[in-house]
Amino acid sequence: MAHRWGMAVDLDRCTGCEACVTACRAENNIPTVGDLQASRGRAIHWIRVERYFEGEFPDVKVNYRPVMCQQCDAAPCEPVCPTYASHHNDEGLNAQVYNRCIGTRYCANACPYNVRFFDFFNPVWEKPMHLQLNPDVSLREVGVMEKCTFCVQRIAAGKDAAAADKREVKDGDIKPACVQGCPSKALVFGDLNDPESEVSRLAESPRGTKLLEDLGTAPKVTYLQGVEHA
Amino acid sequence: MDRRTFIKLTAITGTSATLASCGVPEHQIIRFVPDEELVPGVAEWKPSVCPLCSAGCGLNVRVMMADVDVTKDGQSGVVRKGVAKKLEGFPTHPISQGGLCARGQAAIQITYHPDRIVQPLKRTGGRTSGTFEPITWDQAIGEVVGKLDALAGADNTKALAILTGGRRSHRRLLFDQFAARFGAPAPIVYELFSDDLLRRANQLSFGAAQLPTFDLANANYVLAFGADFLGTWNAPVAQAAAFGQMRRGRVGVRGALVQVEARMTPTGATADEWVAAKPGTEGVLALGLAHVIMRDKLHPTDSGRAGALIDGWSAGLPDYNPDRVASITGVAARRVERLAHDFAQREPSVAIVGGVPLAHTNGLFTALAVNALNELVGAVSRKGGLSFTPQLVHAPAAARSSLAQFAAGVVPQVLVVDDVNPVFGAPRAMKVREALVKVPFIVAFGHVVDETNVLADLILPDHTFLESWVDALPESGSAQAVVSVAAPAMKPLFDTRATGDVLLQVASKLQKPIDLGATTYDAYVKAALAPLGDEAWSTAQKQAGWWGDLPKGAAAPSTGADAKPSPVTFVDPSFNGEAGEYPLQFLPYPSAAFYDGSLAHLPWLQELPDPMTSAMWSSWVELNPKTAERLGIGLGDVVEVTSMNGAVKAPAFLNPALSPDIVAMPVGQGHTNFTRYASGRGVNPIDILAPVTHEDTGTLAWAATRVKVARVSEPDGRLIMFSARGELRENPHEGETR
Numbered sequence: 007m008a009h010r011w012g013m014a015v016d017l018d019r020c021t022g023c024e025a026c027v028t029a030c031r032a033e034n035n036i037p038t039v040g041d042l043q044a045s046r047g048r049a050i051h052w053i054r055v056e057r058y059f060e061g062e063f064p065d066v067k068v069n070y071r072p073v074m075c076q077q078c079d080a081a082p083c084e085p086v087c088p089t090y091a092s093h094h095n096d097e098g099l100n101a102q103v104y105n106r107c108i109g110t111r112y113c114a115n116a117c118p119y120n121v122r123f124f125d126f127f128n129p130v131w132e133k134p135m136h137l138q139l140n141p142d143v144s145l146r147e148v149g150v151m152e153k154c155t156f157c158v159q160r161i162a163a164g165k166d167a168a169a170a171d172k173r174e175v176k177d178g179d180i181k182p183a184c185v186q187g188c189p190s191k192a193l194v195f196g197d198l199n200d201p202e203s204e205v206s207r208l209a210e211s212p213r214g215t216k217l218l219e220d221l222g223t224a225p226k227v228t229y230l231q232g233v234e235h236a
Numbered sequence: 055m056d057r058r059t060f061i062k063l064t065a066i067t068g069t070s071a072t073l074a075s076c077g078v079p080e081h082q083i084i085r086f087v088p089d090e091e092l093v094p095g096v097a098e099w100k101p102s103v104c105p106l107c108s109a110g111c112g113l114n115v116r117v118m119m120a121d122v123d124v125t126k127d128g129q130s131g132v133v134r135k136g137v138a139k140k141l142e143g144f145p146t147h148p149i150s151q152g153g154l155c156a157r158g159q160a161a162i163q164i165t166y167h168p169d170r171i172v173q174p175l176k177r178t179g180g181r182t183s184g185t186f187e188p189i190t191w192d193q194a195i196g197e198v199v200g201k202l203d204a205l206a207g208a209d210n211t212k213a214l215a216i217l218t219g220g221r222r223s224h225r226r227l228l229f230d231q232f233a234a235r236f237g238a239p240a241p242i243v244y245e246l247f248s249d250d251l252l253r254r255a256n257q258l259s260f261g262a263a264q265l266p267t268f269d270l271a272n273a274n275y276v277l278a279f280g281a282d283f284l285g286t287w288n289a290p291v292a293q294a295a296a297f298g299q300m301r302r303g304r305v306g307v308r309g310a311l312v313q314v315e316a317r318m319t320p321t322g323a324t325a326d327e328w329v330a331a332k333p334g335t336e337g338v339l340a341l342g343l344a345h346v347i348m349r350d351k352l353h354p355t356d357s358g359r360a361g362a363l364i365d366g367w368s369a370g371l372p373d374y375n376p377d378r379v380a381s382i383t384g385v386a387a388r389r390v391e392r393l394a395h396d397f398a399q400r401e402p403s404v405a406i407v408g409g410v411p412l413a414h415t416n417g418l419f420t421a422l423a424v425n426a427l428n429e430l431v432g433a434v435s436r437k438g439g440l441s442f443t444p445q446l447v448h449a450p451a452a453a454r455s456s457l458a459q460f461a462a463g464v465v466p467q468v469l470v471v472d473d474v475n476p477v478f479g480a481p482r483a484m485k486v487r488e489a490l491v492k493v494p495f496i497v498a499f500g501h502v503v504d505e506t507n508v509l510a511d512l513i514l515p516d517h518t519f520l521e522s523w524v525d526a527l528p529e530s531g532s533a534q535a536v537v538s539v540a541a542p543a544m545k546p547l548f549d550t551r552a553t554g555d556v557l558l559q560v561a562s563k564l565q566k567p568i569d570l571g572a573t574t575y576d577a578y579v580k581a582a583l584a585p586l587g588d589e590a591w592s593t594a595q596k597q598a599g600w601w602g603d604l605p606k607g608a609a610a611p612s613t614g615a616d617a618k619p620s621p622v623t624f625v626d627p628s629f630n631g632e633a634g635e636y637p638l639q640f641l642p643y644p645s646a647a648f649y650d651g652s653l654a655h656l657p658w659l660q661e662l663p664d665p666m667t668s669a670m671w672s673s674w675v676e677l678n679p680k681t682a683e684r685l686g687i688g689l690g691d692v693v694e695v696t697s698m699n700g701a702v703k704a705p706a707f708l709n710p711a712l713s714p715d716i717v718a719m720p721v722g723q724g725h726t727n728f729t730r731y732a733s734g735r736g737v738n739p740i741d742i743l744a745p746v747t748h749e750d751t752g753t754l755a756w757a758a759t760r761v762k763v764a765r766v767s768e769p770d771g772r773l774i775m776f777s778a779r780g781e782l783r784e785n786p787h788e789g790e791t792r
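So the sequence lines, in the order shown, correspond to chains P and V. So for the first sequence, our numbering puts the first residue at 7; every next one is plus one. So for the second sequence, our numbering puts the first residue at 55; every next one is plus one.
None of these hints come from the bench; they were simulated from the model. Yeah, the Cβ is synthetic: ideal placement off N, Cα and C, and Gly gets one too.
A few chain V residues that don't get close to chain P, going by computed Cβ distances all over 10 Å:
no.	residue
1	T146
2	R177
3	Q231
4	P354
5	G432
6	K492
7	K606
8	R684
9	V692
Computed spacing ranges between beta-carbons, pair by pair:
no.	chain 1	residue 1	chain 2	residue 2	range
10	V	G131	P	Y90	38 to 48 Å
11	V	G688	P	D166	47 to 57 Å
12	P	A8	V	A609	48 to 58 Å
13	V	D192	P	G178	51 to 61 Å
14	V	E187	P	I108	44 to 54 Å
15	V	L685	P	Y90	47 to 57 Å
16	V	R765	P	G222	44 to 54 Å
17	V	P88	P	V233	49 to 59 Å
18	P	I108	V	G734	36 to 46 Å
19	V	R765	P	D166	55 to 65 Å
20	V	V307	P	L218	30 to 40 Å
21	P	L42	V	D203	48 to 58 Å
22	V	V87	P	A8	44 to 54 Å
Just chain P, same shape as in the assembly (with noise of 0.2 Å):
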């Protein structure tokens, strides 16, 4: 049976305190564009820390959401690229090959969730930075988009590890960066097409709801949403 990757993430556990960002800078090669690329808009985070403010002191309340690429179902970016750089793999992926990619940005127009960047210029790392960087995932060029790939190339070595000892891949057994160093276990990874996975049973949380889910986009990230004043 073919997977169908998917998450959720708990907003009762998250702390905000963004070591998935890290995390993913760290195995996916994200470049920093430092302080005047960064005054453009321009930063690159393919997962990022959501803060939203209610109310007023001393009555105030914050909610932290982390956002990363939600890997729809019926996906915006993918009927608007003229290329198929933006298309969906048989595992349900949003995936994007960045040698077909020209550019466009039709793609992170069509995103309702603001997870797609352009690569303005070519990535630079001060020597010896670049002995840092993940040989498992390649650099992007300038004129391309990029975006969260739920870490495709853990999946591949979870795959073949499980190949490797002639067995099915189990659930945990993959876990993106993020997913990994999350201090408080607030991410969860895992097929949702295995009805026993920890995804799949937290997928049908009461508490479950989708980012923009309205728009019809079908995202495979669930939020579980936290409890006031418990």
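We have chain P already, so just place chain V on it with the hints.
Structure of chain V alone, referenced to chain P:
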């Protein structure tokens, strides 16, 4: 052009490029023979220990082969080396438990920093010139030995001063031992966000001068007074893991978190209820709860030793009735009653105090009050409460000078600086830089040039934690005793040496050699672990540390308590600066990215959006929107914050989760000399702090300064926010369905 032609063409151009470079030696890439066995593309995982804070998280380091630029025998080329690619928490380590905070994950950039010091440096110009020339290690060590021998020869060993950071490890014990055996005063330890006041309070209340470990995973109700325990305080990774378990790890039980503070920390943002008590009155609220609990007999009163330290405890704290507490703290009397009932009845409950409340001048009172509250509900040494992690060794209780005493005291002849940057991290008014400039000879260890070691005569570059033996002595975060230790995860990139090894070498080369029991740092740590049994050393190396029950006789003795401390009562916190002229309280706080500023040189952390503001690469000043409106200040406007001790200018951020009486600024930016990424960026709020210290511990009361704020100009673009892209929508529930 078709594909075939293209390949032909590239083949030709490629070949000619190769041919052309043949005649020119500098165009050739020389490949040296690697001395490591590694398979290309296959990752090896090696344990290590995070060196960034005192938590002592065990790491799992992904090591893979890469081409490293090296110079061998004057010839530059590349060699294949196993290098660290990613840091993760070691899965079974009791502190990290597989997770790792944002700062810890970025620690890998310390090793690969382009501004690392690659060989020993000797200053060539005057003390403040900042000009250095490279020298050899033999020269460098010879010079240090010469200076120390001269002191010993003149029978003046007391003129050696050592200044270190507060991270707890064998390295600090080694410096302590070196100082004691040489005949120098005990090293001065400086941490901006020191927890010494809490250690002192815990010694008085519980007879344990250490930070507590909280069993959050089994708690049902957690009441935190200012402690950002999920972000920057104590052992955040271990605490966040337990917090996740407390909230959603148990069937049918969800623990609640109530946070008391006047500026919302990320922990407060995660809380179920946020209580904005007036800053510096948190202890009164704690005693108000204790009053109600005793009055309503919600819990069998255990009038133990922590309670006896509070004036009026045995009489049921009549001075802390809800009405009076309400008038002092600003928390309504009814709410005090409810919090008290919840705290007493939703057992197991525990109170946590740390951070800002203890940075007020009455911090010791606040800590003792919260300790007494914990004791009242039986939270001490109980499941779901707090405990004190057994320790293999305690930091020596030697009487130490504080940094302030050092700066105002007798100038030493020789100063050794390790793992601390007080020129940046102490208030200007403490005049640390002025004191350093007077020292005849300074030797500093470090990875990059910073504001303190740039004043040194010699800079001895340290291996990074990935290149050397590394250890930590976690004092909290796990109920079991833990010693984190790991071997080098990779070979050094440059001509650097491990500071522990250098110190041991210096000790052995003195005219009157000092025997510290080992000639290398790993042997020193191994010897220190001997009481844990024969297996401990080899076990520790496989899993980034040793943990378990300490064998009989291996535990450090309890630190004990003073015989009869006098009971404390609430006094208002005092501030530097008249309320008339300086109407606002100034709150510099540990930033989520840079902690105390020691991490501002890492570009990943510079570009990490702050969890509250989403700011990157910037300094900012936080104001309540009402305060800002009154002063005519809008988002991004440049404002000037002035105290009795100076002024800083930075853009404004309007934070509704901040008391209107407070101006808050994150610590971390404002470095003048700290690599290409941090130098000249933003402003340093510590600069304008008053040098107010706690009587008992000599630590800085960093929340005891008053300021005034004035608008200077329109936004000038220096506040860079990730949310400017439009991610932070105003309606938090937008788009949620079901």
